[in-house]
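Quick note, the sequences are listed as chains A and B, same order.
Residue numbers for the first sequence follow full-length UniProt numbering, so the first one is 1 and each next one is one higher.
Residue numbers for the second sequence follow full-length UniProt numbering, so the first one is 1 and each next one is one higher.
Errors might be hidden in some of the hints.
[Said to hold, decoys possible] Label pairs and their calculated CB-CB ranges:
id, chain 1, residue 1, chain 2, residue 2, range
1, B, Ala-432, A, Ile-80, 16 to 22 Å
2, B, Arg-420, A, Trp-68, 41 to 47 Å
3, B, Trp-35, A, Arg-147, 23 to 29 Å
4, A, Arg-147, B, Tyr-6, 36 to 42 Å
5, B, Thr-100, A, Thr-104, 23 to 29 Å
6, B, Ser-72, A, Arg-5, 23 to 29 Å
7, B, Trp-35, A, Asp-119, 31 to 37 Å
[Claimed, not checked] For lysine-lysine, the following DSS-like pairs were computed, each having C-alpha atoms within a straight-line distance of at most 30 Å:
id, chain 1, residue 1, chain 2, residue 2
8, B, Lys-91, A, Lys-94
9, A, Lys-145, B, Lys-184
10, B, Lys-241, A, Lys-69
11, A, Lys-70, B, Lys-91
12, B, Lys-225, A, Lys-94
13, A, Lys-101, B, Lys-225
[Said to hold, decoys possible] From chain A, some residues computed to sit far from chain B (all C-beta separations above 12 Å):
id, residue
14, Val-4
15, Pro-47
16, Asp-77
17, Ile-80
18, Leu-103
19, Phe-126
20, Val-137
For the record, the hints were derived by calculation from the structure and aren't laboratory data.
C-beta atoms are modelled at their ideal positions from N, C-alpha and C, and glycine is treated no differently.
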Amino acid sequence: MMYVRALPTTDVNRNTEWFTYPGVWTTYILILFFSWLLVLSIFNCSPGMAWTIVHLAHFSVTYHLFHWKKGTPFGDDQGIYNRLTWWEQIDNGKQLTRNRKFLTLVPVVLYLIASHTTDYQNPMLFLNTLAVFIMVVAKFPHMHKVRIFGINADQ
Amino acid sequence: MITIPYLTAVSTYFSYGLLFAFGQLRDYSRRIFDWWSTNNLHGYAPICLAHEDFYIRRLYHRIQDCFGRPISSAPDAWVDVVERFSNDNNKTLKRTTKSTRCLNLGSYNYLGFGSYDEYCTPLVIESLKKFSPSTCSSRVDAGTTSVHAELEECVAKYVGKPAAIVTGMGYATNSAIIPVLIGKGGLIISDSLNHTSIVNGARGSGATIRVFQHNTPAHLERVLKEQIAEGQPRTHRPWKKIIVVVEGIYSMEGEICQLPEIVSICKKYKAYVYLDEAHSIGAIGKTGRGVCELLGVDTADVDIMMGTFTKSFGSCGGYIAGSKDLIQYLKYHCPAHLYATSISTPSAQQIISAIKVILGEDGSNRGAQKLARIRENSNFFRAELQKMGFEVLGDNDSPVMPIMLYNPAKIPAFSRECLRENVAVVVVGFPATPLLLARARICISASHSREDLLKALQVISKAGDLTGIKYFPAAPKKQEEEKDTIKLD
C-alpha cells in the first residue's frame, strides 16, 4: 500500500486549498482517460474522434468552472472572493506556480493528442485549435482579473 | 502529519467530483422546472446567491441526519439522543418523542462536570434561587454581582496571571476582543488551523492577516522575518503591533501546540503571543492548568491567555487573562463587556465550584482523580485504536482523538452504524476540515468508565471493519496469554 504525507497548507480559501493536496493531478488525468474510454464505448467512433470529443468537452467544462463561475460554494467566507473566478483564486492569486503550470499544460497535451490522432483533418483541427487558444490565453498571468469587453464583469 | 494511502486520496477526489457533478445536474434541472413554474416574487432580488449555498443544499442536506442530533438529557457519559425521521430524503427532519440511550463520545465533557455533580450542583441551585437565571444587564450597568467579581479573581489565580475578564459567550470572547487589541496598521499572524472565532475576530479588526503552516515554528519565524522586513502593505512603514495567535489543543487534530519554541521566537522578534486554551484549560497539565503547565512555559511569557468554560468546566462563557493594565484597558473598551449581557450568575457559580473541585479546595481529592482518569482514559483509548489499525491523530495526553475517514460516503456510514449500536459520535467533513481529510472526532471524558471505553472500542472496531477505515495494518496480538499463565504459576 503506497502512503503519501499530507502537510497542512497555508491556504485559507476552502474553495481552492483542496487542490494543494497529493493525488489531485493523478485523479485529473485518470478522469480524462476514463472519459475517453467512455466516449469510445458510447459513440463507437474512431479514437481520434473520441479524443476530439473529450478535448472539446474538457474545454467547455473547465472554461465554465475555472474562468466563468465566480465566488465560492459556501457562505462563511463572507463573499470576499465573489468577484474572482476559481483560476484567479488558486494559490492565493500567485502566478506561475506548479499547479497553474500543470493546469495550463493539460489542455495543450490534449490538443496535441487530439490533432495527432485525427491526422490534422479539417473540421476537428479548427475546433480543437480554437479551444486550446482560448484556454491558454485565459490562463496567462497578464489576464489576471481582466474582463474583456466587460464579459462576466460584475454589476 | 497525516499519512494517506494514495488510492484513498484518488478515490476521495473522484467521489467528491461525482457528488459535485450530480449536484450541478440537479441544480440545472431545478432551474429548468422553476423557469416553467410561475413566480410571484418578480422584481425582488434573491435572498442568497444560488452558488453560495450549493454545498449546503447538495452535499450537506443529503447526510443531515448525522449532524445536529438533538439530545434530551444532560451530556454525561451516557446521553439520550432523540430519534428523528425524514419523509423527503433528509431535506427536513422531524423529531419523534422517543429517544435512545447512547454512549456519548461527542461532548466536550473532559472532566465530567457536564451533569449532576455532588459539590457543584447544589451550590448552583442555591445561587439560582438567590440571584435568578439572568442578570438582565451588561457588566457596567447592573450586571456585576459578587459572584462575578469572585469568578474573575478565581480564574486569574487558577490560570496564573494577575487579572482576568469574563464574558458570557466563548465565541464572542475571541471575535469581540481581537478587534479591541489591534487595528489597521497591525499584523496578526495566525496558525492555519485556527478556529473560526479567531478568524472572524481577526477579519473584523481590520489588521493585516498572515497565516503560518500549522504548528511549524520554523515557518512562523520565516513569516515573521519577511513581514517585519517588508512592513505595512504599500507604505512599508513598520507595523504598529504584531500578535501571533495559536491554540493550546487544536480541536480538529487533537495536537498540542509547540508553545516553548513559538514563545521563544516571539520574544526574539518582539511579537505578542495570544494563546487560545479553549480545549486545553482544565484538561491537560498536572493540576489542569493547561498547556503552559504541561510544556513548562512560564505564564508571564504568554501575553494574552484566552479560554472558554464550555469544555472542562461544564458551564458557558469565556475569559481573557493578562496583566492588570491589559484587563483594565479591555474593561473600558471591549464591547462584550460594555454592552453584552453579563454571564448568568448560576453559570458563574458552576465555574467557581468546578475550579474549587479541580484544585481540591472542596476538601476531597476528586479533582486530582478526574485529571488522572482523563489522562489514563485518553492514552488507553488512543493506544487501543492505533493497535486496531485506525489512523488516529493527536498527541499523547490529549483527550481529543480524530479517526480519519477520508471518503465522503464513509462519513454518514460510520455515523449511522455507530448510532445503530447506541454509540453517539461526531463526524466532521468539508468545509470544517480540508476536503480530503474528513474524520470522526472522539472526545474522551473523565466520567467514562473502563467498561464504557471497551464497549466503544468494540462498536468502533465493527463500524470500522464495515466501512473499511483501518488504513494501517493492525498490530499483531502479543503472546499475552502465555505470559499470564507463567505469572499465575
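Do the hints match the structure? See the list:
Separation of Ala-432/B from Ile-80/A is about 19 Å and conforms to the stated range, judged on CB atoms against 16 to 22 Å. Separated by about 44 Å at the C-beta atoms, Arg-420/B and Trp-68/A satisfy the suggested range of 41 to 47 Å. Range check, Trp-35/B to Arg-147/A: Cβ separation about 27 Å, and the 23 to 29 Å hint holds. In this structure, Arg-147/A and Tyr-6/B meet the distance hint of 36 to 42 Å, their C-beta atoms being roughly 39 Å apart.
At about 54 Å, the CB distance of Thr-100/B to Thr-104/A disagrees with the hint of 23 to 29 Å. Between Ser-72/B and Arg-5/A the Cβ separation comes to about 43 Å, which falls outside the hinted range of 23 to 29 Å. Taking the beta carbon of each, Trp-35/B and Asp-119/A are about 43 Å apart, not inside 31 to 37 Å as hinted. Using a Cα cut-off of 30 Å, the hinted pair Lys-91/B and Lys-94/A is violated, with the two alpha carbons roughly 40 Å apart.
At roughly 26 Å between alpha-carbon atoms, Lys-145/A and Lys-184/B fall within 30 Å of each other, so this suggested pair holds. Restraint check for Lys-241/B and Lys-69/A: not satisfied, since their Cα atoms lie roughly 38 Å apart, outside the 30 Å limit. As the CA atoms of Lys-70/A and Lys-91/B are separated by approximately 27 Å, the hinted pair is consistent with the 30 Å bound. Among the hinted pairs, Lys-225/B with Lys-94/A is consistent with the structure: their alpha-carbon atoms are about 20 Å apart, no more than 30 Å.
Taking the CA atoms of Lys-101/A and Lys-225/B, the gap is about 29 Å. The hint holds against a cut of 30 Å. With a cut of 12 Å on Cβ distances, Val-4/A falls inside the contact zone with chain B, its closest approach being about 5 Å. At the 12 Å boundary, the C-beta of Pro-47/A stays outside the reach of chain B, the nearest C-beta of that chain being 24 Å off. Not every beta carbon of chain B lies more than 12 Å from that of Asp-77/A, the smallest distance being close to 9 Å; the non-interface claim is violated.
With a cut of 12 Å on Cβ distances, Ile-80/A falls inside the contact zone with chain B, its closest approach being about 8 Å. The beta carbon of Leu-103/A is kept farther than 12 Å from every beta carbon of chain B, the shortest such distance being approximately 15 Å. With a cut of 12 Å on Cβ distances, Phe-126/A stays outside the contact zone with chain B, its closest approach being about 29 Å. Residue placement check: Val-137/A keeps its beta carbon more than 12 Å from all beta carbons of chain B (closest about 25 Å).
Of the numbered hints listed earlier, those contradicted by the structure are 5, 6, 7, 8, 10, 14, 16 and 17.
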